[in-house]
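Undergrad: Chains A and B, in that order, give the protein sequences.
Numbering follows the numbering used here, in which position 7 of the first sequence is assigned residue number 7; successive positions increment by one, without gaps.
Add 1000 to the 1-based position in the second sequence for the numbering used here, that's all there is to it.
Derived from the structure by calculation, the hints contain no laboratory data.
Certain hints may be false.
Within a straight-line C-alpha distance of at most 27 Å, the following computed DSSO-like cross-link-like pairs (lysine-lysine) qualify [said to hold, decoys possible]:
| hint | chain 1 | residue 1 | chain 2 | residue 2 |
| --- | --- | --- | --- | --- |
| 1 | B | K1067 | A | K69 |
| 2 | A | K5 | A | K152 |
| 3 | B | K1031 | A | K69 |
Okay, the calculated beta carbon distance ranges per label pair [said to hold, decoys possible]:
| hint | chain 1 | residue 1 | chain 2 | residue 2 | range |
| --- | --- | --- | --- | --- | --- |
| 4 | B | E1027 | A | T108 | 51 to 61 Å |
| 5 | B | G1049 | A | A128 | 46 to 56 Å |
| 6 | A | D403 | B | R1024 | 54 to 64 Å |
| 7 | A | Q234 | B | A1074 | 39 to 49 Å |
| 8 | A | Q65 | B | A1074 | 12 to 22 Å |
| 9 | B | S1053 | A | G372 | 16 to 26 Å |
For glycine and all other residues, C-beta sits at the position ideal for the given N, C-alpha and C.
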Amino acid sequence: MAIGKTQALEGDVGALRVQAEEFRANGTLLQEGNQTSVRVHGDLLTSWFGDASNSAAESMGRAEQQVRKIAEAHSDAADAAAAGADGIEGYQLLAREGITRAEAEHFTVAEDGSVTAPSALLYVRGEADPEQVVTAQHALDEKARQYEASIKQHLAGMAAEDTEVAAAISSAFDGLPEGNMNPDGPPTDQPNEDRSDDPLYPNGDPNISDINQGGVGDCWLLAALGSTALTNPQKIKDVITDNGDGTYTVHFQDGDVTVNDDALLDQGDDQAKWVAVIETAYAEREGGEYDDIEGGYGDHALQDLFGAETGNFDPDSSNDLFFGDNKSPDDSYDVMEEALGDGRPVTASVHDRIGIDGGHELMVTDVYEKDGVKYVELMNPWARNTDPVINGVEEAGGEAYADGRIVMTIDDFSDEFDKVRYVEDWD
Amino acid sequence: MPNAFQVESGQLRNAAESVEGCSRQLESGRKSGAAGGVSAGMAGFAVVGACESAGTASGAAFSAVAKSWQAWSAAAAEGAARYEQVDASNEAVIVGAGSDVVS
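Work out the full structure, taking the sequences as your base and the hints as a guide.
TA: Laid out in structure tokens, this is it:
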């Protein structure tokens, strides 16, 4: 809705001034609380030493930084609202004055500021010379144009100030922690690492080679992330916001989680920072421990992070014939080919086969046909294959390489792998 | 054990209460009425939507801050309780605290 005559005559800028005062009062309240809590903790530290004291200091320090940011946001919003009220009011007074004067002189002012002159005949007394009437009408029309130019200019000024103050208030609160201020610090049941000196995307964009699983059993998450990096890296960039202060916000479908890059899950330096950011945020979302992301399914990660509509099936039609979740090898090949060709991730799970103990989820990186034989190429989230895996894949009829790649015919793949998971639709 | 390295449960409990007080003051003192006034008085202005969104973000941020301070306070109070239990079993001298007071 454009700013028009109604806003010029009725807009209550005083309400915006009250809002500015409330932003400022809230900011002051936060600052005072922050100072009090930090002082109380500081007093305590004179007689409190040890691990618990260090943990408490770290926790309070983290909260202090975040509260200060929120207080500054309120202060910035207060400044923006007050300045905006002044700016809007200046133009509003001029627009209102123009409208009032024009209407007092019987000009008609439309909602968009257009002005129509009254008929010159209204001012004719008795017999009038037609030429004089025409001349008078021209003069009235000219005056209408002048009123219109002035009123529209001031309405445009109101609109520009309005847009500016709205943007300033919105930006003041952008990126603030909302649901999770991480008061207890990062998960501590696995080693954390300070990654503050590392680039978020060491290869420029998210890349499948950024995946390098260590000792944490989150292959399902890494398979989902690696296959997304391969097929649609922008999705990953969209889900992480760099707040520019050493914190990163991961936008899960059910809410944001902000983590600090001075304490991210350490699965080794070969795992890119963006991966560690998501792993740490995911652990916090799931309950606050890395143990909470041990074991899972890649399609659940694709839903949680990207809101993707996912599908899964058993690629071996010799099993579960009547339960509807199986496909023939050829049909499985077709689904995977279509998904990868369309920029949609595909993962595959295996259980106690090809030299792997327990369950494991891998990234499907390619499907292709050569000499009439259909092949599936996969990448192990470990970024390598152990000797048991290399031997297990060879015994199953495929090839496994030290760098983590595995190539199998679709028939062998269907025999060994028990579930294919993929994105059916991103939206 | 040097006295300078000791913390009494009372100190920790007082700290917990002070921080809890900050949290309560924050929750009760927050002003949140103006966005409605802006909405009513400035119909048609973009700033109305911005103020409403800011009010929502501000409310969420206030809750997060209060939650953070409450978590800290609860951990400190729990630590104080542990000190008192240790005192009760005649292990009066406390150095530091259990490493899981605030983890």
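Undergrad: Each hint should be assessed against the structure and marked as holding or not.
TA: Structure-based check of all given hints:
1. As the CA atoms of K1067/B and K69/A are separated by approximately 16 Å, the hinted pair is consistent with the 27 Å bound.
2. Between K5/A and K152/A the CA atoms are separated by roughly 9 Å; this keeps the pair inside 27 Å, and the hint holds.
3. Proposed proximity of K1031/B and K69/A is supported: the alpha carbons are some 18 Å apart, at most 27 Å.
4. Roughly 53 Å separates the CB atoms of E1027/B and T108/A, a value that falls within the hinted 51 to 61 Å.
5. Look at G1049/B against A128/A: about 53 Å separates their beta carbons, and that is inside 46 to 56 Å.
6. Between D403/A and R1024/B, the C-beta spacing of about 58 Å keeps the proposed range 54 to 64 Å intact.
7. Between Q234/A and A1074/B the beta carbons are some 41 Å apart, a value that agrees with the proposed interval 39 to 49 Å.
8. Restraint check, Q65/A to A1074/B: a C-beta distance of roughly 21 Å satisfies the suggested window 12 to 22 Å.
9. S1053/B and G372/A have their C-beta atoms about 59 Å apart, which leaves the hinted 16 to 26 Å range violated.
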